[in-house]
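Heads up: the protein sequence lines correspond to chains A and B, in order.
Following numbering that gives the first Met the number 0, the numbering of the first sequence begins with 0 at its first residue and continues without gaps.
Following numbering that gives the first Met the number 0, the numbering of the second sequence begins with 0 at its first residue and continues without gaps.
Worth double-checking, as some hints may not be accurate.
Claimed, not checked - Interface residues of chain A toward chain B, partial, derived using beta-carbon atoms under 7 Å:
1) Pro5
2) Asp128
3) Asp134
4) Arg136
5) Ala149
6) Tyr181
Worth flagging that the hints you see were computed from the coordinates, not collected in a lab.
For every residue, glycine included, the Cβ atom is placed at its ideal position computed from N, Cα and C.
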Amino acid sequence: MLSALPGFAQLAERLQASTVRVGDGRRGAGSGVVWSMDGLVMTNAHVARGRSATVTFHDGRRARARVIARDDERDLAALRLENVVAFPLPVAGVRDASSLRVGELVFAVGNPLGLVGAMTAGIVQRLSDRFVIADLRLEPGNSGGPLADAQGRVVGINSMVARGLALAVPSGAITDFLRDVYAAAA
Amino acid sequence: MSTNEPGALAALSADLAAAVERIAASLVYVDADRRRDSSGIAWDEHTIVTTDHALERDEDIEIVLPDGKRARAAIAGRDPSTDLALLHTEATLVPAARADAGALRVGNIVLAVGRDEDGQPAASMGVVSALDGPWRTWRGGDIDRFVRPDLSLYPGLSGGALADAGGALLGLNTWGLSRRMALTVPNATIERVVAQVNAGGSIRPGYLGIALQPVRLPDSLQRALDIAQEGAVIVVDVAGGGPAEKAGVMIGDVLVHLGAQPLEDADDVQRALGNGTVGQALTLRFVRAGEARELAVTIEERPQDA
């Protein structure tokens, strides 16, 4: 239905390019989002449990990444790519989730059930300070992947499913988390 | 990487958000049950329509308005047969703009919209999955049109609106009419129930107080009774103190006609007991021991526990 609209193919392509598969060598893999030009990849804390991880891009290229910070409470982890595999990196655009309205279209991309770059669509179900809550289907492999608006801008990192609803850590919490990380490093 | 121009997808997204905003201005949270959240729709400036099954209590009902303020509401009428209930409030509401239901087609994008206890709107999206003609609920209520949306009716959205992509009201969503799926009571049915309540009439279907089974009417009996009707219903139980017992109906009687309605199965009996029959004396034609007979039965309201 939505895929028939002009702009959908570009949106899917753009989101898939900035979405990576994150494996920590243990249990099933999750997803991640290429966050900045200097090689930062954001994912869930529960996806990156170890000190390092393998990041696989949509085109199949792989890179090692170091886990530089993890916040279990926010369910966020920041990874740093150790070798440059693509230049420029397919960095995701970001939008402040606090400007979202109930009913706006949102899209999730991830690697659920072994699928690569699988996309689901839904709407913002309700507003909450802690999460972006979406009427959208998520599978376990979606964890750590992007939730994006109709222009492909990332509004959150998909984190869990509660009563059938998708819960994503809002982009504002990611900004706060990274500010803390850089403040600690300075 | 170049940024996408805001295209058709972004326009649709903005339209859906605007549609939610438009219908949500007419939606309230209904606080009438300890365990269940539900929503209600402003039908006119002081009337809210919600689900009957989610009204746990008859008093101390409160609503949360679109501005987040709480207000008191009183039950103006209940119709368990269609799972609709009407609340009256002194607060001034914005009545929901109603959509032209005739234009609805399978595949149309629809939104289920409600309001949570904090006064925030909540929504889910899907498509119209099935449409059909009038149908009768398991409690004997007449629904003007079968409307089944394919969407997730999350807790709290029951009693709220099914809206079109422009934010106009198509009907009320409920979990109360089917165990397996969320269904929508269309505007036409709400309109009818509201009119009945406003006219002070009963919105409870009539009650006979019998249990039935369909039977075949043998040719000989059809000829003897001079009717062209292949089936009838046999009485297998009579409720003590019910209208049928009072009129003299007995187990084993084969019922053929009630009022103007031929009786060939249980649905026909429900039809004969449709809206407006409570208090009326209807003629019951039946067969007892091979003989045609008639009785007058005064239809009553179904007791609360029946």
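Quiz prompt | Contradicted hints - numbers only | solution = Hints 2, 4 and 6 contradicted; others consistent.
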